[in-house]
Amino acid sequence: MRVDRSAVGGVLLRNYVVFLRTWRSNTVISVVDPVISLLAFGFGFGALVAKVGNIDYVEYVGTGIVAQTVLFTTIFPGMFETFFKRDYQHTYDGLLAAPVDAIDVVTAEALWLAAKASVFGLAPLTVAMVFGLDPAAGMLLIPLIGLVTGFGFACVGIFIAALASSFAAFDYVISMLVTPLFLFAGTFFPLQGLPDWVRLVAHLNPLFHTVELIRHAAFGLQPLTDLGHAVFLAGFGVLAWAVASRRMQKRLVA
Amino acid sequence: MTGPAISLRGVVKTFGERRAVDGLDLDIAPGTCVGLLGPNGAGKSTTMKMLTGQAIADSGTLSVLGLELPRQSKLARARMGVVPQDDNLDEDLTVGQAVEVFAALYRVPRSERPEAVDKALAIATLQDRRRDSVKELSGGMRRRLLIGRALVHSPEVLLLDEPTVGLDPQVRSELWGLISRLRDEGVTILMSTHYIEEAERLADDVAVMALGRVVARGVPSELVAKHVGSEALEVHAPASRLADITARAVAAGLPTRRTGASLSVLRAETFSPIDVGATGPEVGLRRRAAVLEDVFVVLTGDTGEEVA
Ligand SMILES: Nc1ncnc2c1ncn2[C@@H]1O[C@H](COP(=O)(O)OP(=O)(O)O)[C@@H](O)[C@H]1O
Ligand SMILES: [Mg+2]
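In order, the protein sequences belong to chains A and B.
If you use numbering that gives the first Met the number 0, the first sequence corresponds to residues 0 to 253, in order.
If you use numbering that gives the first Met the number 0, the second sequence corresponds to residues 0 to 307, in order.
Derived by calculation from the structure, the hints in this document are not laboratory data.
Where hints are given, some of them may not hold.
[To be verified] Straight-line distance between alpha carbons at most 25 Å, and here's what the computed DSS-like set of lysine-lysine pairs gives:
#	chain 1	residue 1	chain 2	residue 2
1	A	Lys-249	A	Lys-84
2	B	Lys-73	A	Lys-249
3	A	Lys-84	B	Lys-225
4	B	Lys-134	B	Lys-118
5	A	Lys-84	B	Lys-73
[To be verified] Not the full set, but computed from the structure, chain B residues with beta-carbon under 8 Å of chain A:
#	residue
6	Gln-96
7	Val-100
8	Ala-103
[Stated by the list, open to error] Pulled from the structure, derived: some chain A residues nowhere near chain B, Cβ distances all over 10 Å:
#	residue
9	Phe-79
10	Leu-121
11	Ser-164
12	Phe-188
13	Ala-233
Just so we're clear, the structure is a prediction, and the values are computed from it rather than from any experiment.
Ideal Cβ placement from N, Cα and C applies to all residues, glycine included.
The whole structure should be built from the sequences, with the hints applied where relevant.
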């Protein structure tokens, strides 16, 4: 299996043209949702917890929700949209009849979701700024962090869609996988208070590395540690992409 | 090109225990329109999927335009147009966009795309619906759009999988006009169908498919002559008499078929009604010309009646 740039470009163009006609509903949900979470947690918990370490709670949660947004806006459409396009719209039948292979489809879909997620992640960041988060030069890295993280999680979603035989299967995935992923990543509360083994497992959670990177981008980079986080995320992305491509190939080509 | 545009040799494809395609041999000469005629489940769609690399044969060899499948499938797909059995139009797009996207997917150079799209829309006679959403199209228009879209890159080979299934008769005949124009332009067409009339009208050449293999191949009139002769004797009689007549016809090696309450005994030019016991007051007889449907029913065991 090899990636074919013009095939990926063609699928990206398709998504872009569809997006031009559907962006309103698509964007509103992706942007409003994290902003509501931010307001609810920031002020709800913020009334009880003033600071985490030396960071204001609203800023702590604000940066955490950037990561959560990237997760949600990639893994969910990775699952639901991919499944819908495959089994209901037969979109992939049309693509694969053209000079496009399963690996090209997976690559393009994941890149597309990742690109959108990296932009959607800026919404809670902006709102957090309104509530006192200071702009920092490091924040320019946040879309890139979102892109890499989003690519990996989009591939995870696509992989799950390639395994699933019905939408019902996603319920399990959401409670067994997605919920722990976003809760145990230091998004809303620090991992320090948790039992050692939970903390250990949480370090395998890619989103934990995303959260760390985003916080460091906002409050001060730690080059060596952050390089480690970045390498972890890149590795996660490559692995998820390889697994999703293989699985989708099996699912689309009988 | 001198060889066949499409060639399948001893192709086998199983899904679990089921042999969807079971030793299929099929050659399609360039510039011809071949109808792949077979009942539901005969393996027509599976054959089409193997030609586009969306199903991989267990054994046998396949080639399209001299390109070996599945190894060179991508190159072959770039030169093929495909109209699938299941409608896969992007509902969210406009008619024009739906075609434009495929122009890109099929690598039509950017500068040539507007012209290619215009041409495809003209083939589909949808120029005036260009800005409308795909959602607003009728079933017949959607099919036309699928066909136009499949031609946006001027393919040398067109695969049509049951192009008129589920459409009402008027829309069907409108599509037949469209397909017949394409055939006249010299596009190599492989069209699967389970409508005999469709194959008869459009195909230069018909391959009758049953249980995953080709059981007869040729121009419709020759197939009729070869497999069922020139005449059929239609017998109307009580069920018990029909059973008796059927038994005697079968014993004499004559093909038969049941159509509702009547029995057709084929090759009627070779015997007289008395030979099969079709005499007496309660027996009604009528002679008619043998047709392709008789071949289809006799060879595939399918009733040939529409099952929607
Ligand atoms: N993906 C698949 N998985 C399992 N069985 C299949 C699959 N595709 C086709 N089949 C089976 O293969 C046989 C041939 O199907 P198909 O090629 O769709 O026939 P046709 O198009 O002539 O109606 C049928 O029995 C069908 O159920
Ligand atoms: Mg079929």
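Now for the hints, and whether the structure bears them out:
1. Lys-249/A <-> Lys-84/A: Measuring from Cα to Cα gives roughly 16 Å; hence the hint holds.
2. Lys-73/B <-> Lys-249/A: holds (17 Å)
3. Lys-84/A <-> Lys-225/B: violated (47 Å)
4. Lys-134/B <-> Lys-118/B: holds (22 Å)
5. Lys-84/A <-> Lys-73/B: OK: Lys-84/A and Lys-73/B at ~22 Å, within 25 Å.
6. Gln-96: holds (5 Å)
7. Val-100: holds (5 Å)
8. Ala-103: Check passed: Cβ of Ala-103/B comes within 5 Å of chain A, closer than 8 Å.
9. Phe-79: Non-interface label stands for Phe-79/A: nearest chain B Cβ at 16 Å, farther than 10 Å.
10. Leu-121: holds (25 Å)
11. Ser-164: holds (15 Å)
12. Phe-188: Answer for Phe-188/A: holds, closest chain B Cβ roughly 40 Å.
13. Ala-233: Per Cβ check, Ala-233/A is outside 10 Å of chain B; nearest 29 Å; holds.
Against the hints set out earlier in the document, a violation occurs for number 3 only.
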